[in-house]
Amino acid sequence: MKKIAIEFKLNGTQRQVEVEPSDTLLEALRERVGAKSPKCGCDRGDCGTCTVSFNGKTVRSCLVLAVEADGAEIVTLEGISKEPSKLQKEFAQRNAFQCGFCAPGIVMSATELLGKKKKPTREEIQEAIAGNLCRCTGYTPIVEAIEAAANGGK
Amino acid sequence: MAHPQSAPTEEKAQATELKTVGQPVQRIDGWEKVTGAAKFADDLDFGPGLLHAFIIDSPHAHARIKGIDTRAAEKVRGVVKVVTGKDFPFRFGLYMKDRHVFAQESVRFVGEQVAAVIATDPKTAQRAAGLVKVDYEELEPILDPVKAFEQTSDLVHPDLGSYTHVPWFFPKAKTNVAHWRKIRKGRIEKGFAEADFVLEDSYRVPRYAHCAIEPHVAIGLFDASSRLTLWTASQSPYTQRHVMAEALSQLGLKHKDVRVVTPYVGGGFGGKAGVTMEILAAALATAVKGQPVKIMWSRAQEFRNTYMRLGLVNKIKLGVKKDGTITALKHTLYWDAGAYVEYAANVVNAVGLSSTGPYKVDNVEIDSICVYTNLSPGGPYRGFGYSEFFFGLESHMSKAAEKLGMDPVEFRRKNAIRENDTLPYGAEMNPNGLLEAIDKTAAAVEWGKKEESKDPNKAIGKSVVCFWKAPAMPPNASSSAFLKFNEDGSINILASGMEIGQGFLTAMAQIASEVLSVPVSQIRVETPDTDRNPYEWQTVASHVTWSCGNAVKKAALDAKEQILDLVVRALNLPKESLFLEDACVKSWARPGWQLPLKDFVISGIQVEDYTFKGGPIMGRGTFLPEFSSAISDPETGQGGHPNVHYTTVAGGVVIELDKETGKIKVLKAVLAVDVGQAINPSMIKGQITGGMLQGLATVLYEDMRYDEKGVLLNPSFSDYKIPTALDVPAEVIPIIVETAQPDGPFGARGMGEHTMIPAAAMIANAVHAATGLRINSMPLTAEKIALALKDKAKGS
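First to last, the protein sequences are chains A and B. Mapping of the first sequence onto numbering that gives the first Met the number 0: position 46 corresponds to residue 45, and the numbering continues sequentially without gaps. Mapping of the second sequence onto numbering that gives the first Met the number 0: position 334 corresponds to residue 333, and the numbering continues sequentially without gaps.
Hints are supplied without guarantee of correctness; some may be wrong.
Stated by the list, open to error - Okay, derived cross-link-like pairs now, EDC-like style, lysine to aspartate or glutamate, Cα gap no bigger than 16 Å in a straight line: (1) A:Lys56 / A:Glu67; (2) B:Lys38 / A:Glu77; (3) B:Lys38 / A:Glu30; (4) A:Lys1 / B:Asp120; (5) A:Lys81 / B:Glu31; (6) B:Lys171 / B:Glu149; (7) A:Lys2 / B:Glu451; (8) A:Lys88 / B:Glu31; (9) B:Lys253 / B:Asp530; (10) B:Lys449 / B:Glu655; (11) B:Lys122 / A:Asp42; (12) B:Lys255 / B:Asp528; (13) B:Lys122 / A:Glu19; (14) B:Lys122 / A:Glu30.
Because the hints were derived from the structure by calculation, they are not lab data. All values derive from a computational prediction rather than experimental measurement.
Given only the sequences and the hints, what does the whole structure look like? Please build it.
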C-alpha cells in the first residue's frame, strides 16, 4: 500500500514518519516512533487507554488517523514524565493504580483537567476520567489522588 | 459491637513489633506505572523480522468442519504460512486434556480457532484470513446446562470417556457431564425430618467476562537451535511452560528448552491464568522456525475466545429449626462450563467442596455438576465459582431468616462456622474472624437503624451477608524464591508470582524487608522469566501472598542464617546474641557494635590474618502445603484435605432504589475480610474498593447475552458496559480483620478474590429489604426491577 509521509511534534521533538492511509495515530505512535505509553485496549474508542494530547486537547489515538496528525503537536505520557508532576506523585504515593494499564490514559485526562481547572469538584473529576476504563481500582483512589493534586498543586 | 472504622493495623504492627509488614508502604511498581515506564507484553519490540498471525474463527456454536481451502490466502503477497488443525493434532489442557490447538473435525463454540494466517504485517494477515474458506455443516447447539445434563445423544464431546484428567475429576462417558463433585455428610433425610421449615428455590446466574483492559497477547519464537521462547500477558508463566512443553513434546522439547517471559500484566482476574490463546503463539512459532510471531486478541476476541465466568443454575433446599439452627442443606449446581472445561471443571470441583457457605451444617448433600455446552470455554474468574453460588445461597439464608421471623444477621451469627468445626468434606475449619467480620459489617451499615429516603419515590434497603473462599489448587501446588544480596546491601528477589495489579511485588518486598531489616526501597522484585526466576504454580486462587510469601520469607530466613553463621565464624560472637536491625548485624553481647550488611554480603568479612571469610549471600525458599490431599471417596467427598484454609468475609450495602425506574444507587458498600495479618493495608483497601465495584457491576448491569444459536450479542465495551468513574458507590468502607493463619507468612492469608464475591447477594437482599421483591436471576438490572415492581403493584 502506498505510504504517506507525515510530520508531527512528539513530546517536543519533530518527527517524520511514513504511514499507510489506514494507520491510526495509535499505531503510528507505537510502531513508528516507539512511544509505547498509549496502549491498545479496545481499538474502538471505548476504553481510553490510548489517550494522548493532540494540539492541547486529549483524543483517543485509536480514533484518529495518523495522517490527521500531520503538522500536529502530540504529547504522550512519556512527554509529561520528563519532569514528574504533583499529580503523578500523588498517584504513586497513594497506590492509586494497580495493574497500571489504564494509567497512561488517566494521567493524560487528569493532566488536561487540572490544566483547565485549578480546583475541580469531585463530580468534575469523575466526569473528566469517565472515558478511561479501569477494571482494577474502583476509581476512588484515582479520584482522590487527582483531588489531592489539585488541592496541593500550583 | 466494635466500631467499623477500627482495625488499627499500624498500631497492631507496633504491638507485635513488626516494622514493615502491616505498613501501607508505597508500591514498588508505582512509579514505573505512573510514568509509562512499565512495559507490558505488547510493548516489547522484536524488530522488523516479527511476523503477525490472524486467527480464523468459527461463526457457529456447533458444526462439523467439512473442508478448509487456504489456497487463495496463501497467494497473498506478504503471507508466510497458513496453518489449520491438521498441522497440530495435539491435545492439551490444565486439569483435563479436552482441547486441541486448533479445531479438528468439529467446532464447539462461536470464536473457536480453526486456522491461522501468518504474514509479515498484521493487516496483510487479517486481509488474507478473509480469503480462507471453511466449509461447515451446522449442528444443533447445546446451550442450556440443565438440558445438556440430561442429554445422551449429539453430545458436545462424544469421546469424553477417553480424555485424560486429574484423579479428582469424575467425568461420565457418553454424557455432557465432564465432572461431578459429590459431598455427602451426615444424614440428609434425618436433617430435613428434624427441620421445622424446609425452603426450596432455584437461582440462575449468567456468564460474565473479565474485561481486563489489556487484551491477551503472546509472542512466540522457535529459534534455529530449537528453543521455544514465549512472551505472554499471563498469570501463569510456569503452568504455561508446562502445558506447552507437554503439548509440543512430539517436537522433542524438554522443559528446559521452553522459556516463558511475562512482563507486567494489564489485569488478570483469572482470565490470564492457565493457557488459552497463548498455545497458538507456541504452535505457530514452531511453524515459522527462526522468526518471532505475534498474536494479539481484539476486544471482540477477548469476549469470545478466552475463559469466561461460568453460568450457573443452582437449586437449594434448606432445613431450619424454629430456633434458627440449620439442620440440612441440599445444594445442586448445574454449571454451564462451555465447550472445553480443562480449567472450568476445577471451578466446579472447588464449589462442590464449599457450597455450604461458612456455616456449620451437619447434614449436607452437594452435587456440583460440570456440564459441557456449546459456548466459550468457562474458566477461572475472580472468586472461582463462589460469586455465582453465593448469590443464591445468601439470598436463601435471608429468606430462611425471614420465614423464621429472625434477624438475618443473628441467623448468620448463630450458624457461622467456628474454628475446628467439621467442614463439608470432613476436615476441620481453620482459625477465623468471621463473627468479628459480621459484627463490624453490621455496625458499618448501621444494621437495625431504620432509614428512609427523603424522596418518596425512593426506598432505602440494607443487607449483611457472609461468605468464605478457599484457594482451589492441586494439593501439591508449590512456590519458590531466590533472594540475592548486591554489593551495596540492596536485594533482588526472584520469584514467579505475577504482578497483576494486586501488589504482589510489593508484598514480597515487605516480607523480606521484615526478616532482613533492609528497607523496601532497597529491594527489587521482578516479573518472571522461567529461565531466571524459580518455580511458582500460578498466580491465582488468592494464594500467592500466602504461598509465595512463605517461600520468600523462607528465602530471607535462609539468607539471615547464612549472615549470622558467617558473623559467628569470622568474628567469634555468640550466635544467640546476634540480630538484624537497620540493615546491620548487631549483638546483645556487644552494645554499640554493628556491622552493616553492605560491608560483607558479597565480599565477605576480613579477619585478623587479612584473609576473607564468606562470599555472596543468596537465600532460597520453597513452600508446598504438605498436609493437603485431593483424594477422597468419590461418592461422599469425605477423606481428603483438598483446601488449605478458608478466608472468611462479611459484606453489606445500603442502597437507595428508585421505585419508578428500578435504578439502584449504592450509598455505602462495606467489606470486612479476615486477612490473617495485613501485609499492606493500603493495597488491601485498594483490592476491596476495586473488587467491590467489579462485583457490583455483575449484579447491577453486566452480563453476556447470547442469541438462540449461541452467538454473543455484546462483545464490546459499547454493549457490555463495565463501570466508569461515574458508577462508583458513594462510600466504600474497607474493614481489615486479623485472626492469624498459623501457616501464613506473619499470619497472612489471601483476600484478592473475596472482594468481589458478596456483591450479588448483598444487592439482592438489599433490594428485598427496600421493596419486598425477590429476583432469583442475575443481573438485577433497573429494567428487571422496574418491571417486577409493576407486576407486584398489579398483583396486589
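Consistency of the hints with the structure:
1. A:Lys56 / A:Glu67: Measuring from Cα to Cα gives roughly 14 Å; hence the hint holds.
2. B:Lys38 / A:Glu77: holds, 13 Å
3. B:Lys38 / A:Glu30: Satisfied, since the Cα-Cα distance of roughly 15 Å is no more than 16 Å.
4. A:Lys1 / B:Asp120: Holds, because 15 Å separates the two Cα atoms, which is no more than 16 Å.
5. A:Lys81 / B:Glu31: holds, 13 Å
6. B:Lys171 / B:Glu149: Status holds; Cα separation ~12 Å.
7. A:Lys2 / B:Glu451: Violated, at about 65 Å.
8. A:Lys88 / B:Glu31: Satisfied, since the Cα-Cα distance of roughly 11 Å is no more than 16 Å.
9. B:Lys253 / B:Asp530: holds, 13 Å
10. B:Lys449 / B:Glu655: holds, 13 Å
11. B:Lys122 / A:Asp42: holds, 14 Å
12. B:Lys255 / B:Asp528: Roughly 12 Å separates the two Cα atoms, so the pair holds.
13. B:Lys122 / A:Glu19: holds, 11 Å
14. B:Lys122 / A:Glu30: holds, 13 Å
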